[in-house]
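Those sequence lines, one after another, are chains B and Y. Its first residue numbered -10, the first sequence is counted upward by one per residue in our numbering. Its first residue numbered 2, the second sequence is counted upward by one per residue in our numbering.
Certain hints may be false.
Keeping only pairs whose Cα atoms sit at most 20 Å apart, straight-line, the calculated SDA-like set for lysine to any residue is [unchecked claim]:
{"id": "1", "chain 1": "B", "residue 1": "K(-3)", "chain 2": "B", "residue 2": "E43"}
{"id": "2", "chain 1": "Y", "residue 1": "K73", "chain 2": "B", "residue 2": "E43"}
{"id": "3", "chain 1": "Y", "residue 1": "K73", "chain 2": "B", "residue 2": "V293"}
Hints were generated in silico from the structure; no laboratory data involved. No experiment lies behind these values; they were computed from the predicted model shown.
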Amino acid sequence: MPTSEETKESLIEQLAGLVAVCEVRDRGALEGILAAFVRLEQVCSNEPEPLVRESREALAAHLASDGVNGTAVLARVTANVLALQQGPQSAEAPAENVERDGDTIELMTDFLEEGGDGLSRADEILMAGEEGGLDSGNINELFRVFHSIKGVAGFIDLPQVIAVAHTTETLLDLVREGTLVLAGSALELVFDSTTLMRKLLHEVRAALEGGTTVEQVPEVGQLVKKLQAEIARAALPSGSVVAPVSEAYEIFAAPVPGPGVASVRAPAPEVEGPRQGERIRETLKVDVQRVDSVVEMIGELIIVESMVVNAPELAAIQSLKLRNYLGQLTKISRDLQDVAMRMRMVPVRGVFQKMARLTRDLAHKTGKKVVLVPVGEETEMDRSMAERLEEPLVHMVRNAVDHGVEAGEVRRTQGKVEQATLRLSAVHEGGNIVIELTDDGKGLDCKALLAKARSRGLVGADEVLTDAEIHALIFAPGFSTAVEVTELSGRGVGMDVVKRNVEEMRGRIDVGSKPGQGTSVRLVLPLTLAIIDGMLIACGPERFIVPSLSIVESLRPTAGMLYSLGEREEFVDVRGELLPLFRLGKLFNVPGAVSDPTQALVVVVESGGRKIVLMADDVLAQQQVVIKPLGAGLPDSDHFSGAAILSDGRAGLILNIDRLIAQSAKNTTRGRRELPTPEARP
Amino acid sequence: MTHPLPPPAEAPAATESSVSRTLAGKFMTFKLAREEYGLAILKVRELIGLMEITRVPGTQGFIRGVINLRGKVIPVVDLRQKFGMERTEPTDQTVIIVVQLTTAKGDLTMGILVDEVLEVLDIEGKNIEPPPSFGAGTFDSEFILGVGKAERRVIFLLDIDRVLSASERAAAVATAA
């Protein structure tokens, strides 16, 4: 029957709208819902829906009994409506194209952003809650997060989001009333709810970008049912509790603990407002593209500025005034660059909080007690860098929880505190940001690592490696010493991803480990993707840039420091360390490069625990360069990671130290063990 | 299709007219050694005088290097070397034509080094012939869209997208090897 089917659909839709905005104490709204159910029951009288009848009866009973157990009833009704709504829809195509006007898109974009922020805050509160530190202020804040998500989701028609937000809100309302304590399974459910909500926001974003409808997420129904069960359990035994009927839906409604509810946490009076010591910053939303184009233009300005200031024509003018003016110009341009760069900077807090949440979830899964202590959350870095930092950090945290720290019993027998601590810190160091994850676990097992590497042929049977080199083995693709593959990690895809990500960010990674005391992974990253600190080196008539991050030192070798092995391989003895020598002039076929190492300058560079020596003619200057992709259309070069505009306006090439070192590892046999015989000296 | 046996001469004539029609338009003509070449004017972004080119070690010879085009780094291809001629020696006529290419990977900006830029020429469809066959020479006729004629001059009309994407392919293969 098409007509009745149509009205049934529309009635369910109508109901969904009604329950979404209905508040427990709003009698009028509840009556409206009841009326809708009655009509719905009439419409589908020939094929009765048990859910409809159940909802109608529950509502009628609730209204008749004058407001008892309103929360539980409403939760059940909401779940039923959702089930009804999903019933016919589940057969539909999952995503279809929909047209959205500009206003809706803007609204949704804002919603996604604010929702994400709100959920982060919710996680923060919940994690504090696990430690047992929730007060009424926190609960109210938590409540508001879900409440505002629900409110906006109502505007832009996101039934799944509404359902989750609403049911969670209902649960939190019970907590506010004092009927339920936010601990144990209830707390767990709210955690689940933030997780699911993130997933939903993700779906919404995907739908927004793809111009499709939002995909149905099957977990929604399950979670709503679980929440609802929790609500029912909390509301029913205390049947004598009469929910306070206030005229308006007060956010600060004083909780009225019912008799017989023993475990009510005494609500601490808390003044609402920003947390102490925190300054409210005024912010302005600006389109990222606009900021980017400002940053880009300032980059060009800096280049032109240095071209002007360094122009030989100007240098010929003997004027103190001109010097002063140029000095001012330089200073202002640098300040401008700083400000522009800071416009894109965000504190690492967001990423760190996600890691804290991840640690918690992973700890639960593995049954270990682990807590993540963030340090320096206020440290700022480029927004796009912060986004890219997330992936390597996820792998690092996983590794630390799964492999790094021991299970509680093991820790006790070793005299450690049962709860393991991961320390995630961020600090600015020079022009870089250093992110370090330290665990207090068992440390890397050098023997196991080496044995595994040997069995896989990564390291020769008779090779001797330094500890740093052994530690660096964990970054080899597919490398894992884990005995068994767990759900979390052990497949060996973790740390090589970290390494690759960090290299893409032009950063450096170091691992330190002490047996029995823990492991620390240190990422040294440039503050932005766009600018690096580099050394300009000369090789014949050509100029190259070596990223300062990779440079250990530069020196002029004496004849006594040089060794050669056979025809091709040369080594420099740098304070007892024999390092392979790379002649840039020879590698790049530069005409007129200095060929006598004692007349040249060598630069010791390091990556992944391995050092090589680059031989150039001279080190010219240290400068900050704006990285440009090496002209699109050129093949990816093994030797260069990009280009930069030098102060004379020419394009300069940035050496890819990671690749050069990896190449040297492939090409050279190791000279570390057997020093070449003295006869081999040049 | 309905003709059971079309006269053999008719088929090439048909393609010729369609090729010429789509090709007709404005071309920027330039000189490489003694030959004259044409480039669809819509591909040309700008002309710049010869500037210092930074060599990129490890690339093939016809890639002269990269230049700074107002803060953007773009590669420069020596078209003479690309076509198997001698390396371009800079004169005061040498020019870099900045072209915008459409490739599978998106738009690309590249510079091409030519001996001399001549003029912008309007070539009508009737004056364009399909590319001749060069036999097994070094010159690959796949880069030629057609041959234009103007005042008894012969102008090779270049498919610049193809010239440079092919060079990119070749270079990629060379680096991989």
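Now the hints, each set against the structure:
Proposed proximity of K(-3)(B) and E43(B) is supported: the alpha carbons are some 17 Å apart, at most 20 Å. The suggested pairing of K73(Y) with E43(B) is violated, with an alpha-carbon distance near 69 Å, which exceeds 20 Å. Distance hint between K73(Y) and V293(B) is fulfilled; the C-alpha atoms sit about 13 Å from each other, no more than 20 Å.
Against the hints set out earlier in the document, a violation occurs for number 2 only.
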